[in-house]
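*Asks:* Residues per chain are reported as follows:
4 protein chains.
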Amino acid sequence: MPSDRPGSWILSLSCPDRPGIVHAVSGLLASHEGNITESQQFGDPDTGLFFMRVEFASHASRDELDAAVTDLAERFTMTWTLDVAGRPMRTIVLVSRAAHCVNDLLFRERAGTLPVDIAAVVGNHETLRDLAEFYGKPFHHIPVTADTKPESESRLLALVEDLGVELVVLARYMQILSPELSAALHGRAINIHHSFLPSFKGARPYFQAHDRGVKLIGATAHYVTADLDEGPIIEQDVDRVDHTATPETLTALGADVERRALARAVGWHAEHRVLLDGHRTIVFS
Amino acid sequence: MPSDRPGSWILSLSCPDRPGIVHAVSGLLASHEGNITESQQFGDPDTGLFFMRVEFASHASRDELDAAVTDLAERFTMTWTLDVAGRPMRTIVLVSRAAHCVNDLLFRERAGTLPVDIAAVVGNHETLRDLAEFYGKPFHHIPVTADTKPESESRLLALVEDLGVELVVLARYMQILSPELSAALHGRAINIHHSFLPSFKGARPYFQAHDRGVKLIGATAHYVTADLDEGPIIEQDVDRVDHTATPETLTALGADVERRALARAVGWHAEHRVLLDGHRTIVFS
Amino acid sequence: MPSDRPGSWILSLSCPDRPGIVHAVSGLLASHEGNITESQQFGDPDTGLFFMRVEFASHASRDELDAAVTDLAERFTMTWTLDVAGRPMRTIVLVSRAAHCVNDLLFRERAGTLPVDIAAVVGNHETLRDLAEFYGKPFHHIPVTADTKPESESRLLALVEDLGVELVVLARYMQILSPELSAALHGRAINIHHSFLPSFKGARPYFQAHDRGVKLIGATAHYVTADLDEGPIIEQDVDRVDHTATPETLTALGADVERRALARAVGWHAEHRVLLDGHRTIVFS
Amino acid sequence: MPSDRPGSWILSLSCPDRPGIVHAVSGLLASHEGNITESQQFGDPDTGLFFMRVEFASHASRDELDAAVTDLAERFTMTWTLDVAGRPMRTIVLVSRAAHCVNDLLFRERAGTLPVDIAAVVGNHETLRDLAEFYGKPFHHIPVTADTKPESESRLLALVEDLGVELVVLARYMQILSPELSAALHGRAINIHHSFLPSFKGARPYFQAHDRGVKLIGATAHYVTADLDEGPIIEQDVDRVDHTATPETLTALGADVERRALARAVGWHAEHRVLLDGHRTIVFS
Chain A
1 MPSDRPGSWI LSLSCPDRPG IVHAVSGLLA SHEGNITESQ QFGDPDTGLF
51 FMRVEFASHA SRDELDAAVT DLAERFTMTW TLDVAGRPMR TIVLVSRAAH
101 CVNDLLFRER AGTLPVDIAA VVGNHETLRD LAEFYGKPFH HIPVTADTKP
151 ESESRLLALV EDLGVELVVL ARYMQILSPE LSAALHGRAI NIHHSFLPSF
201 KGARPYFQAH DRGVKLIGAT AHYVTADLDE GPIIEQDVDR VDHTATPETL
251 TALGADVERR ALARAVGWHA EHRVLLDGHR TIVFS
Chain B
1 MPSDRPGSWI LSLSCPDRPG IVHAVSGLLA SHEGNITESQ QFGDPDTGLF
51 FMRVEFASHA SRDELDAAVT DLAERFTMTW TLDVAGRPMR TIVLVSRAAH
101 CVNDLLFRER AGTLPVDIAA VVGNHETLRD LAEFYGKPFH HIPVTADTKP
151 ESESRLLALV EDLGVELVVL ARYMQILSPE LSAALHGRAI NIHHSFLPSF
201 KGARPYFQAH DRGVKLIGAT AHYVTADLDE GPIIEQDVDR VDHTATPETL
251 TALGADVERR ALARAVGWHA EHRVLLDGHR TIVFS
Chain C
1 MPSDRPGSWI LSLSCPDRPG IVHAVSGLLA SHEGNITESQ QFGDPDTGLF
51 FMRVEFASHA SRDELDAAVT DLAERFTMTW TLDVAGRPMR TIVLVSRAAH
101 CVNDLLFRER AGTLPVDIAA VVGNHETLRD LAEFYGKPFH HIPVTADTKP
151 ESESRLLALV EDLGVELVVL ARYMQILSPE LSAALHGRAI NIHHSFLPSF
201 KGARPYFQAH DRGVKLIGAT AHYVTADLDE GPIIEQDVDR VDHTATPETL
251 TALGADVERR ALARAVGWHA EHRVLLDGHR TIVFS
Chain D
1 MPSDRPGSWI LSLSCPDRPG IVHAVSGLLA SHEGNITESQ QFGDPDTGLF
51 FMRVEFASHA SRDELDAAVT DLAERFTMTW TLDVAGRPMR TIVLVSRAAH
101 CVNDLLFRER AGTLPVDIAA VVGNHETLRD LAEFYGKPFH HIPVTADTKP
151 ESESRLLALV EDLGVELVVL ARYMQILSPE LSAALHGRAI NIHHSFLPSF
201 KGARPYFQAH DRGVKLIGAT AHYVTADLDE GPIIEQDVDR VDHTATPETL
251 TALGADVERR ALARAVGWHA EHRVLLDGHR TIVFS
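Chains as they are written, first to last, in full-length UniProt numbering: chain A, 1 to 285; chain B, 1 to 285; chain C, 1 to 285; chain D, 1 to 285.
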């Protein structure tokens, strides 16, 4: 029996492009009395893929919708997600010592402006335990050394599974994930790099930026891949700097750019607005 | 008989919101073997209106498509436009003495980065004749005084009709259109105001901005309505200024902001990306 | 006896413009073996005032420098401040229920990226006590009603005096200061208004902005004056929005703009980079 | 004999840092009854250099000022320029086929918003002759092939000398200057590179940017050096792009970013606001 008020849903999908996709999807919605409130579509001529995100209201149950989309997806070879609109995405945040990014994510969750449900904060240092706990989040200290790395990553992955985690955010986490862990978290781990990629890959980007004398500094939020600093870019932002800036000033200014870019990327991902298109992303922002 | 390569089309529409609109539109496209390349939809809960823009490829002729959309539009009480994608929109530009906006539009047309076909430049002064003519455009000098205003506006309107003009751009045109002419050009006349509306309405906004000591100056591209500076906003932009700026400096810096905001607004309008939603706009940019 | 390493100082001043000011100031510095590391000057032709800010290193004691500047200031009728570079400015933050601005200021103080020493947080509600206390700050609950306003403002002013407060920040404090208190805090109270002033003065600016259909939202940090929303502007910032934004979305996006503009204004003020020039400001950023 | 109204001057200088520089400069000005209207100083701890730019009004003649600065410069080992404020800088613009940058420079010169006096436009193609001539500028066609390059560069350098050129602007000039010519034009040739350096050096940066899936595109104005794309950066700017952008769209959007960054760099250089600090720049904007 349908409830009095319709549920609000998000369907995101991609598939090989061909005529009739939108008609099939909207037909599915129509047959469940779905009313579209916001939708975007895009066909990439380079990859031959078609992308669609639709928010709709419907009295249908999840089972009904799931069954219908499963059928459709088979016909069109779709990759898809169906979710309740506004449902907070189950997330863990990996940190080291720098607080600005995780502080921002925790604050936004509490303010109700970021649809995440942060299940835990994991640090390879103890530094940020008090911050996590102030926000009522369990803090797990998982130190990482060259010797313990495989074991540490196993613990991390176990945590991801135990807590039902959908998204892993590397909030200035100063450890490189192994290719195996990167693969295991494919498409559900977001890193913030403190430069405007592909500029200043690798270590100490603000020192590199200072040395080169750039007039803008940037930050890049991207999906984690085994190939460091080469993951699909979700969001980038910049801020203006001038000759008076030292590497330390750049670091402080950059912190704002980093947290802004990361928060946007996480929010878009949590609302199923980001779709993978080869090594690039479609962002229906 | 269909040609070998499909035509590329843009359909933009708005109508009272209800279930089934997208399905009906995509059904129409499917029945003409239309393939969607880019599409956006939005339902405004405030006004109860639904908006849609779809770019698609189809072998169908314009007559076939027109007939099909006409039928559909009747069922859903749609306001709609069907156009060939990329077709330059027939435009005239109204100017006074300031060259920066019209120069920008003419340059972009010639560079092929703005889909307009500027049929003429109309000035209430002779100042910009040489610029118009350099770009191969007829220049019409229609002076305006309090006495001649009705007659001047009649000449202008006649020109709009004779030249098959779809869009009138007021590129720092220093005359206020009468309520009658504003009504006659409803939804197809775009003005650039040299402030971040609703700040600094009326005359000499840069002097007002200087006096108030603002730290950003702006410009606003909007549809012309009888109610001056109150038309639906299409685009706004700003630039940073500091205490060293005089009103003259602000005017020079602002010129860049104006031409940028105006060019974007004109481009989006010409690509049928702007839809009226009461006194606001939907911009599928 | 001078110490081994020179002290680092900031001298900010304004006075009626006339030849010889910079020479006199630099002479004073030279006679104390001062070495200039950064300096800016500006003469405003509108107000006839001259402004200067200089950072310098010197072995001289504060007493020596104070005495020298006092002499000079008399000759040139200067308003001036001499401070140790980097000294955190003694500050209290006034709040109501919204956390984003005060959270940002507290975080930046702890991160060492904002030169303030927040002596207390004062709320007319209890809401933000836990946040203040997490950062180790005393929280004073001073409720305000129409009847108790004079008494509440007296308590506030007493606190300012008792704590040696140099700067009062209204971090989305939802009470209007009386003309008397505004006067008492002249030039040392900064408010953040959640619109791009002079647009959308008064109540509920994001609702006004939504209704007007603007394409950018903004925030304005300004000195508090008796004339509400008319104080000298220190900093403004904006962010892009589109037709999908509701007033609630605008409020959430605006929160980021507010905290950014406020933090910059507070930082510049604390570093003596902001000088009053009539109802406008000079910002040597 | 001094005129009734004082002249307006700009003095820009750099030298090894040590106490007393500002005092010496302001003393020089004071002894010529100079009144400072705007000034900035900066000492770079990395290079040990001190930089200063001062605008002042004085009745002194150029000869008097020149003699005084020459003396001073000897004492402090200064590199310096003394110029009449607002004097247009004698400039030639090198072009190939793309018009957007040169069109912008020519337009700004005519509008009086860029203090340059463009003496000629030089193209390695004939394409832009009509544009140059519309603005009343001589156009020199100097084709360049592998064989003729030395001879072409000699012609170019002769033109620079014959026309009294102070600044050479490479406005999307698609030829690489030889090390010899780069050296000959050291510090007086500005290039615009169509990427956010150091990202996407070399050929076809917009194709590289598209392939990498960046979310912002940029442009960089820099002094020409023998080491391609490594010259000191004067100005950078960016614009936001999304997944719908093709390399062609990026190219069109980027054209706006390029012309904006280039015009700012040229304007600042012409006003003696840019000083070389090793392989970086000081910009007193």
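Treat the hints with care, since some could be wrong.
List of simulated lysine-lysine pairs, BS3-like, C-alpha gap at most 27 Å [said to hold, decoys possible]:
#, chain 1, residue 1, chain 2, residue 2
1, B, Lys-149, B, Lys-137
2, D, Lys-149, A, Lys-201
3, C, Lys-201, C, Lys-137
4, A, Lys-149, A, Lys-137
5, D, Lys-149, D, Lys-137
6, D, Lys-149, B, Lys-137
7, C, Lys-201, B, Lys-201
8, B, Lys-149, B, Lys-201
9, C, Lys-201, A, Lys-137
10, C, Lys-149, C, Lys-137
11, D, Lys-201, D, Lys-149
12, A, Lys-137, A, Lys-201
Hints are computed from structural coordinates only; laboratory data are not their basis.
*Asks:* Could you run down the list of hints and mark each one as holding or not?
*Replies:* Consistency of the hints with the structure:
no.	hint	in the structure
1	B:Lys-149 / B:Lys-137	24 Å, holds
2	D:Lys-149 / A:Lys-201	36 Å, violated
3	C:Lys-201 / C:Lys-137	32 Å, violated
4	A:Lys-149 / A:Lys-137	24 Å, holds
5	D:Lys-149 / D:Lys-137	24 Å, holds
6	D:Lys-149 / B:Lys-137	39 Å, violated
7	C:Lys-201 / B:Lys-201	14 Å, holds
8	B:Lys-149 / B:Lys-201	23 Å, holds
9	C:Lys-201 / A:Lys-137	39 Å, violated
10	C:Lys-149 / C:Lys-137	24 Å, holds
11	D:Lys-201 / D:Lys-149	23 Å, holds
12	A:Lys-137 / A:Lys-201	32 Å, violated
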